[in-house]
Amino acid sequence: MNNIISQKSNFKGSESTFKFILKELKPRGKFLTPFNIISVPVIVLGVIIIVFRFINGIGSVTNLSQEVPWGLWIGFDVVTGVAFAGGAYVLTFMVYILNVKKYHSIVRITVLNGFLAYVFYAGALLLDLGRPWNVINPIIGNSFGTSSVLFLVAWHFLLYMIAELIEFSPAIAEWLGAKRARKILSGMTIAAVIFGITLSTLHQSGLGALYLMAKDKIHPLWYSEFIPILFLVSSIFAGLSMVIFEGSISHKVFFNQISEKNHKAQNGIVLSLAKICAGAMFAYFFMQLLVFIHGKHWDLLNTPMGYWFLIEMLGFVVFPMLLFVYSYKRNNIFTVKLAAIITMIGIIINRLNVTVIGFRWDAPIHYFPSWMEFVVTLTVIFTEIWIFRWVVNRMPVLRESPDWVKDEK
Amino acid sequence: MSFDRRNFIKTLGVAGITLMAADTFGTIKKDNKGNVEFYGMLYDSTRCVGCQTCETVCAESHGLPAPVGVPKSGVIRKTDELHRTVVNSFKTSKGDVFIKTQCMHCNEPACGAACLTKAMYKTKEGPVIWRGEKCMGCRYCMVSCPFDIPKFEYHSSNPKIQKCTMCNEKIEKGGIPACAENCPAEAIKFGTRRELLAEARKRIVQNPGTYVDEIYGDQTAGGTGFMYISPVPFKELGFSTKLQNKSYPELSKGFLYSVPSVFVLLPPLLLGIYEATKKNNSKESDENE
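Top to bottom, those sequences are chains A and B.
Going by my numbering, 343 is the number at position 343 of the first sequence; the sequence numbering is gapless.
Going by my numbering, 1085 is the number at position 85 of the second sequence; the sequence numbering is gapless.
Think of the hints as simulated: they come from the structure by calculation, not from any bench.
Positions of the beta carbon are idealized from the N, C-alpha and C atoms, including for glycine.
Do not rely on the hints blindly, as some may be mistaken.
What the hints assert, rightly or not - Here are a few chain B residues that sit away from chain A, every Cβ distance over 10 Å (derived from the structure):
#	residue
1	E1037
2	T1056
3	L1064
4	A1066
5	V1075
6	K1078
7	S1093
8	K1094
9	G1174
10	G1175
11	L1197
12	K1202
13	K1242
14	N1245
15	P1249
16	K1278
As the list claims (entries may be wrong) - Below, simulated DSBU-like cross-link-like pairs (lysine-lysine); rule was C-alpha separation at most 30 Å, straight line:
#	chain 1	residue 1	chain 2	residue 2
17	B	K1235	A	K179
18	A	K215	B	K1173
19	A	K183	B	K1278
20	B	K1160	B	K1078
21	B	K1278	A	K215
22	B	K1124	A	K215
23	A	K215	B	K1122
24	A	K215	B	K1202
25	B	K1253	A	K296
26	B	K1278	A	K275
27	A	K101	B	K1202
28	B	K1202	B	K1094
29	A	K406	B	K1122
Unchecked claim - Computed footprint of chain A on chain B, listed as stretches where at least three residues anywhere in the stretch have a Cβ under 8 Å from a Cβ of chain A:
#	stretch
30	1140 to 1154
31	1208 to 1217
32	1227 to 1239
33	1250 to 1259
When you get a sec, could you build the whole thing from the sequences and use the hints?
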């Protein structure tokens, strides 16, 4: 492995860089892994469904209706996916703004994860557009719908992807052995981080604000004027839970890429993330409580949707919060991971409650996604993991930067 | 210099005022306060006989298939991507009453505020129209519309949003919408919103026994272009009682207004914290050395 890296730094000139990239495009390692055996057929099937959808219309593969125009692809892929990508802005805030050096070793992989999440989940948005050829309209300026929350969200997605790409770009430069480019790109990191955090604050809450006008369509236990703030606060622990979850998998799958020092540091990082999660979840739960009391919906608690609300709040917010507290008091890594997974399920439930389950809860016919919507969603996730794995195997994401980077410092 | 800066600005100002004047002194009627008056329609359910002429002429003039089914009490027919308007019948305390459903052409339409490409657009004359060359098919208008009016062609590779456009192309040429033009019972009246409100109030005042004292659309959703008067309370006629009187775009205004302040305030704050922690750190490392 070290061999390859030192070779790379010797590359000069565009022709050899091109050859190098061609070589890198080839798959590495065993092909018949369990993940590949499951993901390849799903991706193939998903691509067929996507082609079918563009020929015959969205209605031919989804169960969307005139009453429920946004389903799984928006509610899960976009709204939930972006919440999980929130780890990137929280971590860059701690590492670059607060200067907490402790988390430095996991910044790159989190930013990569966030960047790919945005690329793929915003990409999933394209699948849901009826007239995707007009998607450039709000960008190139021939028709700016500035009064639209979706306009804000669309622009923020685009700009944030650029910001995250800049934050991640030093790793690409190190991979290509481009020393000068690396120097310039890493000089842009702080600007990109500040810009990125501002954008994240606004579009994490913006995703909730999308539903503000659907006041009469969302169940009152989930609708309030505070959806944007609740979405923003919950994106903090949603993102960090994803970081914990993804980290525990990465440390197994990419074991040999991680240095001894970082392996040892991992448990400390996970425990302190658990602490932050618990804090953010307490703030979130307290806000939910205030919103609930403010909304005066006591009578609704004794209905099926009310029980569901209580399960979400107690089972998937309070319980994992206590579990996080327990974990860092007892230094228990296993319960941190467990709490992270429960929290993530809770976030999925919460986002779907606002966007799908609680949306038109009173309609005679309920929306339930078709199997094809599920397959396409899995296709998006699996393709993202493929790209993620490809990048981690090649660029210095988890492993240490090549020696010439340290020499320059 | 013969053409100095002050003169230049003056010229710009004059040009600007001329442009604005050309815009406001057009063909649109205004009330005595200078507000632009929207066109709208008034539907009198005491006059409607449920003949479905409006449904038929609407379908004909927009190249859509003929109406399916007839108004029958207990059966709610809905507008869809093939039918921009439907008439339903309701059994009420005063016998069968018909109600026509179509776009309400809100004064401040939620669909228009939701649209990120201004494809859904309220014209200066009042109709809320859809412009295919701008629309990207995201269906956010459908999520936002409190009346569930925009309908999407789910089974097309080049899908359109279908909704009543108040026959905008006819209004632009000085005509009136097909349904109002052809209604044999004169149940649909076309005019400026102010005239229609006055007419509705007149009918209610002159026939207190015939109408309930309410104009649906006067306040609902911030006021709508299409308004109803009826012999029975509107909740007997399938109208949603949940809708607010404030306009729907009002709901996301607070969030949108906060965006510029976040953009102005947050980056300097972050930069400040960054600088503060950086200095702190270097001090620490100095001490360590």
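Hint-by-hint comparison with the structure:
1. E1037: holds (22 Å)
2. T1056: B/T1056 clear of chain A: closest Cβ-Cβ about 22 Å, beyond 10 Å.
3. L1064: At roughly 15 Å from the nearest Cβ of chain A, B/L1064 sits farther out than 10 Å, so the non-interface label holds.
4. A1066: holds (20 Å)
5. V1075: Per Cβ check, B/V1075 is outside 10 Å of chain A; nearest 14 Å; holds.
6. K1078: B/K1078 not clear of chain A: closest Cβ-Cβ about 8 Å, inside 10 Å.
7. S1093: Since the minimum Cβ distance to chain A is about 25 Å, B/S1093 lies beyond 10 Å and the statement holds.
8. K1094: For B/K1094, whose nearest Cβ neighbour in chain A is about 28 Å away, the distance exceeds 10 Å, so it holds.
9. G1174: Its Cβ never comes within 10 Å of chain A, the nearest being 27 Å, so this holds.
10. G1175: holds (27 Å)
11. L1197: Holds, because the least Cβ-Cβ distance between B/L1197 and chain A comes to about 25 Å, which exceeds 10 Å.
12. K1202: At about 32 Å from chain A, B/K1202 clears the 10 Å cut-off, so the statement holds.
13. K1242: Non-interface label fails for B/K1242: nearest chain A Cβ at 5 Å, not farther than 10 Å.
14. N1245: The claim stands: B/N1245 keeps its Cβ more than 10 Å from every Cβ of chain A (closest is about 12 Å).
15. P1249: B/P1249 is in fact no farther than 10 Å from some Cβ atom of chain A, at 7 Å.
16. K1278: Contrary to the label, B/K1278 does not stay out of reach of chain A, its closest Cβ about 6 Å off (not over 10 Å).
17. B/K1235 to A/K179: Violated, at roughly 72 Å.
18. A/K215 to B/K1173: Violated - the C-alpha atoms of B/K1173 and A/K215 are around 37 Å apart, more than 30 Å.
19. A/K183 to B/K1278: Since the Cα atoms of A/K183 and B/K1278 sit roughly 20 Å apart, the hinted pair holds (cutoff 30 Å).
20. B/K1160 to B/K1078: holds (18 Å)
21. B/K1278 to A/K215: Not satisfied, since the Cα-Cα distance of roughly 45 Å exceeds 30 Å.
22. B/K1124 to A/K215: holds (27 Å)
23. A/K215 to B/K1122: holds (22 Å)
24. A/K215 to B/K1202: The given pair, whose Cα atoms are some 34 Å apart, is violated under the 30 Å limit.
25. B/K1253 to A/K296: Status holds; Cα separation ~24 Å.
26. B/K1278 to A/K275: holds (24 Å)
27. A/K101 to B/K1202: violated (75 Å)
28. B/K1202 to B/K1094: holds (21 Å)
29. A/K406 to B/K1122: Not OK: A/K406 and B/K1122 at ~60 Å, beyond 30 Å, violated.
30. 1140 to 1154: holds (count 10)
31. 1208 to 1217: violated (count 0)
32. 1227 to 1239: With 0 residues closer than 8 Å to chain A, the stretch 1227 to 1239 of chain B misses the three-residue bar; violated.
33. 1250 to 1259: holds (count 6)
Hint compliance for this structure: hints 6, 13, 15, 16, 17, 18, 21, 24, 27, 29, 31 and 32 are broken, all remaining hints hold.
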